[in-house]
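**Q** What follows is the residue order along each chain.
2 protein chains.
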Amino acid sequence: MLKRQTYLSMKNLNDARQLFFSKINIDMIREIEVLPVEKTLGRVTAAPVFAKISSPYFHSSAMDGVAVRAESTYGVNERKPKILELGKDAIWVNTGDPMPEGYDSVIMVEKINQIDELHIEIKESVYPWHNVRKVGEDIVATELLFPQNHKLRPYDLGALISAGIFEVKVWKRPKVAIIPTGSELISYKENRIEAGKILEFNSINLSSLTKEAGGIPIVYDIVPDDESKLYSIVKQAVISDAKIIIINAGSSAGSKDYTVHILKSLGEVLVHGINIMPGKPTILATVNGKPVIGNPGYSVSSIISFEQFVMPIIYWLQGIDPPERKKIKVVPTRNIPSKLGMEEFLRVNIGKIRDKYVATPLPRGAGVLTTLIKAEGIIRIDSLSEGISEYEEVEAELLVDEKELINTVVIIGSHDICIDIIADEIRKKDNIRISSSNVGSLSGLIALKKGISHIAGSHLLDLDTGEYNISYVKKYLKGMKVHIFNFVLREQGLIVKKGNPKGIKGIKDLVRQDIKFVNRQPGSGTRVLLDYKLKQINISPKNINGYEHEEFTHMAVAVDVLSGVADCGIGIFAAAKALNLDFIPIGKEQYDLIIPSEFLDDPKIKKILEIIQSPRFKKRVESLGGYDPQNSGKLFFILQ
Amino acid sequence: MLKRQTYLSMKNLNDARQLFFSKINIDMIREIEVLPVEKTLGRVTAAPVFAKISSPYFHSSAMDGVAVRAESTYGVNERKPKILELGKDAIWVNTGDPMPEGYDSVIMVEKINQIDELHIEIKESVYPWHNVRKVGEDIVATELLFPQNHKLRPYDLGALISAGIFEVKVWKRPKVAIIPTGSELISYKENRIEAGKILEFNSINLSSLTKEAGGIPIVYDIVPDDESKLYSIVKQAVISDAKIIIINAGSSAGSKDYTVHILKSLGEVLVHGINIMPGKPTILATVNGKPVIGNPGYSVSSIISFEQFVMPIIYWLQGIDPPERKKIKVVPTRNIPSKLGMEEFLRVNIGKIRDKYVATPLPRGAGVLTTLIKAEGIIRIDSLSEGISEYEEVEAELLVDEKELINTVVIIGSHDICIDIIADEIRKKDNIRISSSNVGSLSGLIALKKGISHIAGSHLLDLDTGEYNISYVKKYLKGMKVHIFNFVLREQGLIVKKGNPKGIKGIKDLVRQDIKFVNRQPGSGTRVLLDYKLKQINISPKNINGYEHEEFTHMAVAVDVLSGVADCGIGIFAAAKALNLDFIPIGKEQYDLIIPSEFLDDPKIKKILEIIQSPRFKKRVESLGGYDPQNSGKLFFILQ
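In order, the protein sequences belong to chains W and B. Numbering-wise, the first sequence is residues 1 to 640 according to my numbering. Numbering-wise, the second sequence is residues 1 to 640 according to my numbering.
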């Protein structure tokens, strides 16, 4: 019979951290090593460092010039110059040279006339020790150079050497054992893709995060779902020199989740289940005083659990506190409900529009790793909160430099892959980021109106005039001044399975009873186009099986077709091509960029317009297939 | 005859940078390499990266539970549960498992009653694709994962793998050739100290800075002062695979500074001499299109020149902009004059006192590396400015995290090595920094009054009462509420050469004509003590040879004695011990910490008091010799 377990009573994040960290004796676990100075960059001192010698170690010339005896210059000035004999009264010295015995000051080269090889003329008097670096000017022997727990920066290393120190006691970088588990996994190291197998990639995330924190990841081979095998591997890891052990995954309550049993039998399970989202199924345990973490399997959960429970320990083992993310105030672009009783880590896009930072939520799935990649920040929604509302100023933790936010152009509206091409082209020479949210054309216009974006991508067809975007802009952006630029003409059509097994020929086939259709949401340009086409040939939506089944992006439609959720959907050629599906064109449509006129002076926006007008961009767009860039960047309409 | 040269007409910093960078063709110099994903952490993409496969790669269960056909659950609810047969109607799945063929949704394990090994009871109906992660939920094949010039973060690597990408095109880390020159140098790699030789440590600074910027330093053996040798080494470096060549030093106008000749004969010297301080003698040249920098010899100059001219190129060669230092507004603690026509990089200590960041200038010498180490920031004083004034708010570039400034306790006053012990002890468990400036006792009290420090260290003897500090505090801190805590009792005395060659026995010998004395500045506790002792035995200062020769720290006095500037000086035992000098005690004195009462609730200040009361601290102080910690941390006096 399969074993099933439920979570121990779930703990909140702070309680879980406090309990877990209180059971770990950092001082007992961490170790010291002695390294030559040149290997200590970024390492942390494990003991105070006192200077062994002074620097300079002897009196030395502070200038290029001649060393003299100060008293031999007394009385000399511009009107009473003096000739000195080289080798007797004066000796050439370069900066840093030891002062010759018996000489106590230096006259700069610029203030000397050389008479001949043996004589110079001076025109000033100097006092003793003038232009001389005395012993200890920089460092005095015995002085404290660095306290313990100081992270060594590049020029700290030079100071160590100049203080006569060639070796430093530093905290050892802690080894972190990472044990991937799961019979369904194949290692990314095999460099291959296999149907029905999942590429194991959490371990590369966890080992990279470990490296970034200064630890040394020890990644084990994938352990299949076999309790006794996992038991022996974990036991082996616990007695190894790893200071922290991570088991990924098997931390939830599934039938093959042995981790909690194993940890109970080897040591003490402190926490199983934490009310954070993502990250809930984390297990926190100690075995022989070592921290052992049952890390969740979903990629985002896995990362958040690592950051909350493993990362701080890695830093503490090196004598320093973990860095804190910068926080800024942001305004959400819409209401964001959240589950009461769970602390949520909501990934958001952030951009600066006029003088406000606006935050648009990204998908919330625990397995959607790309949300972390696309996000500029994380909003943490307290477990006691039911969410945040549209105009409520809240705090966001930044995942990028604040400077990057200022260099971010926010594009909200209909999705098109050509926006990715702008994003790529603009990174070639300029440090500008594109943050794009795909919400459909109409919502893009509304975002402009709400002041939460710089640009809207839109392809809204006026059913009466047959003209794109203008009437919608007039209606929805009333009172605003905007410019409309042509972006691309693109092929819309029906996306069908490879080989078109149902023999679909066009729109009129959508009424066939054997065809399941997938639609786009109202307000999207594609939906408007479909409705226009249906009206032209007098087909009622009621007769289409799946007309109410709506998706929000071209890609989601294509995925539905690929996966058999639907036989046919409406979308652009690029989406069909991406998933290797077939495509039946139904017509070209005009996709434009709508930009408030006030932004046209912004160098970022100028850059974007430059790019879309460039032959290079047009060439790339053309090569995608299904696009016509002939008018890209042309001014189409101005709304005053 | 020795060759002498003068600087080409000096350039200002911006002109020099502009000219130099405009002559370097980054695109021509930089190279691409293809690396396995696991080696790309922190590397920068050299081409856009598009997903090869979708993620998930197949439909998979989003939950632990049973896979079912949605239609077999229709009509089921709490009051109408249904029994399903395992293996036929339902199949156990764990999170991430592929959906079994023919099943389209998942019921969570928590919502299932297991009846026996073959049967389960369900109490809810599900819709198709419920709890299923569809193909491409995270990543859709062909989508842009990263534009070019994207620096890969830890979880970016996981995303690459999950998109089926095992290798990435990244910019090669550029090699930087670093050529140390100078016959007076010995390499730090020899791990030894030699009289009259300078330990070469600029190359460890430059190579560490190179590493930090992502470059690969290639450090050459030290080249002696020999023009033809240097010529052939530089030529060799230029044709090597190094992308940037740094010659350190030989960039100034000294007789052995061949660098500029060599570069003129090999390529084009663009700039020689820049009006920055430190950093003036920098040479900027190109040879065969490669940047070659004649880097100045003084350690701080060398670093500033690197940061201004080399570091940006290293980043650009990797496709990214150099990071910018955070800037904050600070208030200088005193007037800071600066040389007109020179842009100065002034190192400053910064601390937060009440609600202001106050900045205290550190010594300005181009060779005083410890100023960079102790500094929290740099104030750049424009070449058109003659300096900044005491209450003028100016910008400082931060060398530490802003958070660290809040964790910094500013101690201004008399110097004592026991403050270093606090600084070390407080870093053991707490991330608190001590920023201490040594200006003498009285100036320390004035700093408290001006509100630019947290604590003053003081040992001011009242000549009338024989009591320490109280009368001074009453006079100079009138109107403030302060607490005075005993810190240490310490031995003052005369510092003399090792073996006491002049047979000095005590204060009364200071009038001997064969003895050159070195004194401390007025306002220092030590000066007050000396004057008190002189008065006691009726010696007039006029009769002491060197009474007017003043230094600002104990260590400076000791250095004067060591170097023969003086035969004898007044100071504490620790200073004599540091330089291995002899010491003739003249009496114990009381060194106290003066703290405004309002700061006593500050956890940082509490921590300091805790430390100085601890047996551990007292033991360390005692072991130094010349100290008596019996009263350390005792409250001595309160000024209300």
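In short, the hints are calculated from the structure, not lab data. A quick note: this is a predicted structure, and the numbers were derived from the prediction, not measured. Among the hints, erroneous ones may be present.
Remember, identical chains collapse to one label, so a pair may be satisfied in a single copy or spanning two.
To be verified - Below, simulated DSS-like cross-link-like pairs (lysine-lysine); rule was C-alpha separation at most 25 Å, straight line: (1) Lys189 to Lys169; (2) Lys356 to Lys189; (3) Lys356 to Lys326; (4) Lys52 to Lys327; (5) Lys80 to Lys577; (6) Lys172 to Lys39; (7) Lys175 to Lys39; (8) Lys235 to Lys327; (9) Lys151 to Lys428; (10) Lys508 to Lys264; (11) Lys134 to Lys498; (12) Lys352 to Lys339; (13) Lys429 to Lys339; (14) Lys339 to Lys197; (15) Lys39 to Lys280.
**Q** Hint by hint, which ones does this structure get wrong, listed from lowest number up?
**A** Failing hints, ascending: 2, 4, 5, 8, 10, 12, 13, 14, 15.
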